[in-house]
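> The chain contents come next:
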Amino acid sequence: MRDTSIGTLTAGMPSRFERPGRVAFILYVVGIAFFVISIEGAEMSLSALITGLPNMGRMVTDMLPPSPDRLVAVGWALLETFEMALVGTAFGVLLSLPFGIFATRGLTPSPALYHLSRAVIAMSRTVPDLVWALFFVVAVGLGPFAGTLALVMDTLGFCGRFFAEAMEEAESGPREALTALGATRSGTIFSAVIPAAMPSFVNTSLFALEKATRSSVVLGLVGAGGIGIELKVSMDMFEYDEAATIIFAIFALVVVVERASAAFRRRII
Amino acid sequence: MSAQAAVLIAGVIPTPAVRTLPTPELAVSGLAKGFDRGAPVFSDVSFDLAPGQSVSLIGPNGAGKSTVLRCCVRLIEPDHGSIRLFETEVCSLGYAALRTLRAKVGFVFQRHNLVPRLSVLTNVIHGAQARQSGPGTWFHGLAPRRLREEALHCLDLVGLADLAGRRADHLSGGQSQRVAIARALMQRPRIVFADEPVASLDPSAGEEVMGLFVDLIRRHKLSLLFTSHNLRHAIDYSDRLLGLRQGRLQLDAPSACQDVESLRAFYA
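Chains as they are written, first to last, in the numbering used here: chain V, 1 to 269; chain P, 1 to 268.
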């Protein structure tokens with residue numbers, strides 16, 4: 001009989017760490033070297049951070065207490081910011097639905113449409129919202145409309161991808177049942193696929209709203225409406241107490257939207 | 001003693017009546033299917049199904065029973081063979097014609113395949129997509145009154161009219177399968193395929209649902225082709241029994257001539 005007590009089987013024990021192959025080893029070394037070079041390129045400097053601390057302290061001191069002088073104007077700007085986020089997200093979600101369907105394997109009517117939709121979604125996602133805002137400011141002029149259009153594109157990139165993934169992962173049984181009974185492609189999509197993917201759609205849309213709320217704050221920096229322009233003016237005029245009011249207002253808006261969407265998500269899903 | 005036997009005993013040979021056999025609802029000939037370029041799961045499968053007839057298909061796991069059913073409506077494309085459904089060659093149909101043909105075939109799945117988040121009534125209304133497309137059949141809130149009433153009638157037939165507003169994922173297994181049967185009836189089918197319709201249910205619910213299902217099939221004078229591992233069901237609820245084993249149809253006999261013990265040997 002073989003002795004299989006503890007300590008007699010060490011010969012077959014796998015090593016704790018797998019030894020990398022030659023190519024993998026070279027890639028690791030190159031990766032680490034590039035990271036070190038990147039630290040240099042990013043001009044990371046501990047001394048600059050330390051010497052900058054008094055400036056930060058001075059700025060924080062100037063910020064407190066926040067000034068209530070322009071509270072009404074800040075309130076209206078904040079409302080405009082949220083309106084941009086809400087409308088931009090809503091239209092972005094609506095646009096994401098057809099693009100998401102066309103970009104879903106098994107639902108798309110043609111391979112050409114599949115690749116085209118994937119390309120549009122990828123482009124919407126990879127171009128930053130600030131760049132979209134610059135583009136639309138040139139196209140439709142300064143103001144919240146340009147910012148809203150930028151948010152529509154940003155939402156399309158975000159939701160289009162996740163909608164397509166949710167529909168691809170939707171349970172296939174109900175779809176098969178409807179196909180078997182002679183339903184049309186649209187019937188199958190709207191009766192079986194979209195209801196199955198709905199929790200994911202709601203989740204993604206609410207995350208998109210949170211994301212758009214945060215984005216709409218900075219779009220004002222390039223003149224695309226919202227509270228960002230107020231913040232920029234206050235900072236440029238060294239009115240740090242006013243800037244503090246705006247920052248707190250933004251913080252409050254983002255927190256309220258996140259809490260509300262979390263509550264809504266729990267209720268729906 | 002039957003009248004025919006009495007005549008034979010009297011020594012009179014009866015004149016054979018000229019009797020034309022009814023055209024089968026389903027005629028399968030030389031059907032073969034394999035997956036991933038491997039050996040075929042089954043080949044040369046041939047059988048037919050007369051109007052109003054009930055046929056059960058038995059066989060061990062992996063024999064290809066579900067695949068045969070799915071091939072008949074091209075949910076799975078067969079490799080070879082001919083499938084004639086209502087005298088139409090299924091394999092040569094385009095998308096639109098295939099949809100029209102599928103509309104006449106009810107399909108009851110082992111796992112019910114209801115849309116979980118939607119109401120029971122909506123799931124039954126989906127059965128009308130066989131004959132009507134558009135948003136009116138997507139959701140019960142958008143459905144015209146006649147469809148809602150017809151769906152409720154179908155639910156009443158399976159004893160679940162009082163659960164019409166409940167979400168499908170809040171039903172028991174037996175209730176889900178009864179809703180799936182109601183959805184199939186909503187199609188107004190001529191033939192029903194059922195793939196192990198009670199395999200996911202406990203024995204008591206299985207008996208109840210199978211009894212109700214076959215009773216409805218007989219009352220509506222529909223043809224039925226179902227697969228089952230329950231040999232008692234296969235014998236009791238069918239007129240004819242088919243057995244698929246080792247890739248071939250090795251049994252085709254009247255159910256009345258079979259018993260559970262001899263069929264058990266088929267699995268050996």
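Because the hints were derived from the structure by calculation, they are not lab data.
It is possible that part of the hints are untrue.
Computed list of chain V residues with no C-beta within reach of chain P, every gap over 10 Å [as the list claims (entries may be wrong)]:
#1 F25
#2 A42
#3 P54
#4 L79
#5 L86
#6 V120
#7 G143
#8 P174
#9 E176
#10 L178
#11 L181
#12 T184
#13 F190
#14 M198
#15 G223
#16 F238
Facing chain P, according to a computed beta carbon distance under 10 Å, are these residues of chain V, among others [claimed, not checked]:
#17 S47
#18 E80
#19 A112
#20 H115
#21 R175
#22 A177
#23 A180
#24 A244
Chain V is faced by these chain P residues, among others (derived, beta-carbon under 8 Å) [to be verified]:
#25 F35
#26 S43
#27 T100
#28 R111
#29 S119
#30 S133
#31 G136
#32 L147
#33 R167
#34 H170
#35 L171
#36 R190
Since we're looking at a predicted model, the values are computed, not measured.
Ideal Cβ positions, reconstructed from N, Cα and C, are used throughout, including at glycine.
> None of the hints should be skipped; say for each whether it holds.
We went through each hint and held it up to the structure:
Taking the minimum C-beta to C-beta distance to chain P, about 37 Å, the non-interface status of V:F25 holds against the 10 Å cut. For V:A42, the shortest C-beta to C-beta distance to chain P comes to about 48 Å, beyond the 10 Å cut-off, and the non-interface label holds. Consistency note on V:P54: stated as away from chain P, and its beta-carbon is indeed over 10 Å from all of that chain's, at 58 Å minimum. Listed as outside the interface, V:L79 is consistent with that label: its C-beta sits roughly 34 Å from the nearest C-beta of chain P, beyond the 10 Å cut-off.
The Cβ of V:L86 sits about 25 Å from the closest Cβ of chain P, beyond the 10 Å cut-off, so the non-interface label holds. Once the 10 Å rule is applied to beta carbons, V:V120 is consistent with being away from chain P; the minimum gap is 26 Å. With a cut of 10 Å on Cβ distances, V:G143 stays outside the contact zone with chain P, its closest approach being about 37 Å. Distance check for V:P174 against chain P: the nearest CB is about 4 Å away, which does not clear 10 Å, and the non-interface claim fails.
For V:E176, the shortest C-beta to C-beta distance to chain P comes to about 6 Å, within the 10 Å cut-off, and the non-interface label is violated. With a least beta-carbon separation of about 6 Å from chain P, V:L178 fails to lie farther than 10 Å from that chain, contradicting its non-interface assignment. Listed as outside the interface, V:L181 is inconsistent with that label: its C-beta sits roughly 5 Å from the nearest C-beta of chain P, within the 10 Å cut-off. Distance check for V:T184 against chain P: the nearest CB is about 5 Å away, which does not clear 10 Å, and the non-interface claim fails.
Distance to chain P contradicts V:F190 as a non-interface residue, since its nearest Cβ pair spans about 5 Å, not more than 10 Å. Taking the minimum C-beta to C-beta distance to chain P, about 6 Å, the non-interface status of V:M198 is violated against the 10 Å cut. Once the 10 Å rule is applied to beta carbons, V:G223 is consistent with being away from chain P; the minimum gap is 42 Å. Distance to chain P confirms V:F238 as a non-interface residue, since its nearest Cβ pair spans about 55 Å, more than 10 Å.
A hinted interface residue such as V:S47 counts as satisfied when its beta carbon comes closer than 10 Å to some beta carbon of chain P; here the least separation is about 59 Å, so the hint is violated. Checking V:E80 against chain P: minimum C-beta separation of about 35 Å lies over 10 Å; hint violated. Hint status for V:A112: violated, given a least beta-carbon distance of 18 Å to chain P, over 10 Å. About 22 Å separates the beta-carbon of V:H115 from the nearest beta-carbon of chain P, more than 10 Å, and the hint is not met.
Taking 10 Å as the C-beta cut-off, the interface hint given for V:R175 holds, the closest approach to chain P being about 8 Å. A cut of 10 Å between beta carbons decides the hint on V:A177: the least distance to chain P is about 4 Å, and the hint holds. Because the closest C-beta pair between V:A180 and chain P is about 4 Å apart, less than 10 Å, the hint holds. Given hint, V:A244 at the interface with chain P, is violated; its Cβ is 46 Å from that chain's nearest Cβ, farther than 10 Å.
At about 17 Å, the closest approach between the beta carbon of P:F35 and any beta carbon in chain V exceeds 8 Å, and the interface hint on this residue is violated. At a threshold of 8 Å, the smallest CB-CB gap from P:S43 to chain V is about 24 Å, leaving the interface hint violated. The interface hint given for P:T100 is met, as the beta carbon of that residue sits about 7 Å from the closest beta carbon of chain V, less than 8 Å. For P:R111, the interface hint holds, the least distance from its beta-carbon to any beta-carbon of chain V being 6 Å, beneath 8 Å.
Against a cut-off of 8 Å between C-beta atoms, the interface hint on P:S119 is violated, since the closest Cβ of chain V lies about 10 Å away. Given the 8 Å rule on beta carbons, the hint for P:S133 holds: about 5 Å separates it from the nearest Cβ of chain V. Given the 8 Å rule on beta carbons, the hint for P:G136 is violated: about 10 Å separates it from the nearest Cβ of chain V. The beta carbon of P:L147 is not positioned within 8 Å of any beta carbon in chain V (closest approach about 13 Å), and the interface hint is therefore violated.
A least Cβ separation of about 11 Å between P:R167 and chain V goes past the 8 Å threshold, and the interface hint is therefore violated. Taken as an interface hint, P:H170 does not check out: its beta carbon lies about 15 Å from the nearest beta carbon of chain V, beyond 8 Å. Hint status for P:L171: violated, given a least beta-carbon distance of 14 Å to chain V, over 8 Å. With its C-beta approaching chain V no nearer than about 13 Å, P:R190 sits outside the 8 Å limit, and its interface hint is violated.
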